[in-house]
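**Student:** These are the residues of each chain, in order.
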Amino acid sequence: MFEQVKIEATLRTPIIIQGYMTFDALLGALLFERLQDVDKTHSSIPIQCDDGLFYASAAQVEVIDRGGLAIAANLRAQHDLNPNHVKKSRDGSKLHKSLGLKRRRQFGAVLNKYRTITVNSISWDVTGDINQIEDLLNDAFFIGKKRTAGYGEVISWDFKNSETDGLIDAQGQALRPIPVERFNGDKSLPIIDTAWKPAYWNPENRSACYAPEPVS
Amino acid sequence: MNTFVFLREHFARYVLPDLSNDAVADCKRALTMNHLLVTGKSGRLSGWVMVKKDKTYIQAKIAAKHANLITADPRTRYEAWYEELENFSGPTCFIEFTKSTFNIGNIFLTHDARVVKICGPASSQTFNYTDEPNEASGVAHKVLAKMRRKNAV
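Taken in order, these protein sequences are the chains called F and Y. Residue numbers for the first sequence follow our numbering, so the first one is 1 and each next one is one higher. Residue numbers for the second sequence follow our numbering, so the first one is 1001 and each next one is one higher.
Possibly wrong hints are sitting among the right ones.
[Said to hold, decoys possible] Selected chain Y positions facing chain F (Cβ under 8 Å, derived; list incomplete): (1) N1002; (2) F1004; (3) V1024; (4) L1036; (5) E1096; (6) K1099; (7) S1100; (8) T1101; (9) I1104; (10) G1105; (11) R1114; (12) G1120.
Everything labelled a hint here was simulated from the structure, so no lab data went into it. From the three backbone atoms N, C-alpha and C, an ideal C-beta is built for every residue, glycine too.
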């Protein structure tokens, strides 16, 4: 049974958020770890869904501090890549010569830059099945990007009553990206082009939307 | 309307010989393939492109022809974008090219001058055209603000 709830994660370390980090995206990532199937994952997210639109807000934070992180990742061709996916010489016997296999400088270093934010907690308004959500969150010890580097460590998950359904707040402002033709709130804010349903990385899911300001 | 359906209808349709059922793939092809130029040679798009509902402007001298397509536009990217943003009238896609291959994930439409997206091959810039730029603002925002101040005098 679906209920309106505010879900709050108390954090121990800074977090890296790219985009809106809606709660359905967070649960989708946790579910995918179990199911390993994108379509099954999206149909199993325990949040009210109306024709693709999940009743789950974007991440809401009060930022204490902002910072930056740059990580240089060295690609090691023999360890990290399936040789079948690497270009071969014409006779098919060797990997492409531009991708070195011996020296570190030939592996190809990639510099990735991130924006970090320091917050006490992060919250979402959701209409969903609390028991199923709690079950999924038992596996969530880190959230956001660069979790294996220690970012976004969660101390606890708390559930509170919520007055909103996860789509629009009391002032009529969007709590998450909502397509223009399906939005009934305050239309004074600018329309932006963004993904409104999972998979959020898929350009096919982009449309003109009303949306809150992204965290970073 | 989906972003890439818009771009297929108002950009890819004009420059591709045929379209598929996949709007994202068509847009990717239009942005990355070699186009026939008026010189008879072929080359990838360079400079800038501005896609609107009624007209699409391309700086490159490509040979493609369509009633709604203006090629070999002599304006600089900033002149074209400035003129559009001063009289902004709906969804527009501002695209600039470098030597890098275009990442289709960086393509966004601009629906409001308060959230302008300048789409490049490797990244996109976002800014509020009605605001003054600050130290952290990108090149496009700074140049366009300068043009606006200059023309306001």
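**Student:** Each hint: holds or not?
**Tutor:** Do the hints match the structure? See the list:
1. At a threshold of 8 Å, the smallest CB-CB gap from N1002(Y) to chain F is about 6 Å, leaving the interface hint in force.
2. Among the interface hints, the one on F1004(Y) holds; its C-beta lies about 6 Å from the nearest C-beta in chain F, closer than the 8 Å criterion.
3. A distance limit of 8 Å between C-beta atoms decides the matter here; for V1024(Y) the minimum to chain F is near 5 Å, and the interface restraint holds.
4. Because the beta carbon of L1036(Y) sits about 27 Å from the nearest beta carbon in chain F, more than 8 Å, this interface hint is broken.
5. The restraint placing E1096(Y) at the interface with chain F is violated, with a minimum CB-CB distance near 17 Å, outside the 8 Å limit.
6. The beta carbon of K1099(Y) comes no nearer than 17 Å to any beta carbon in chain F, farther than 8 Å, and the hint placing it at the interface is violated.
7. Hint status for S1100(Y) relative to chain F: violated, with the closest Cβ pair at about 14 Å, above 8 Å.
8. With a cut of 8 Å, the hint placing T1101(Y) at the interface with chain F is violated, because the nearest CB-to-CB distance is about 15 Å.
9. With 8 Å as the threshold, the beta carbon of I1104(Y) comes within range of chain F, its nearest partner Cβ sitting at about 6 Å, so the hint holds.
10. With a least beta-carbon distance of about 6 Å to chain F, the hint placing G1105(Y) at the interface is held under the 8 Å criterion.
11. Hint status for R1114(Y): holds, given a least beta-carbon distance of 4 Å to chain F, under 8 Å.
12. With 8 Å as the threshold, the beta carbon of G1120(Y) stays out of range of chain F, its nearest partner Cβ sitting at about 15 Å, so the hint is violated.
Consistency with the previously given hints fails for numbers 4, 5, 6, 7, 8 and 12, ordered from lowest to highest.
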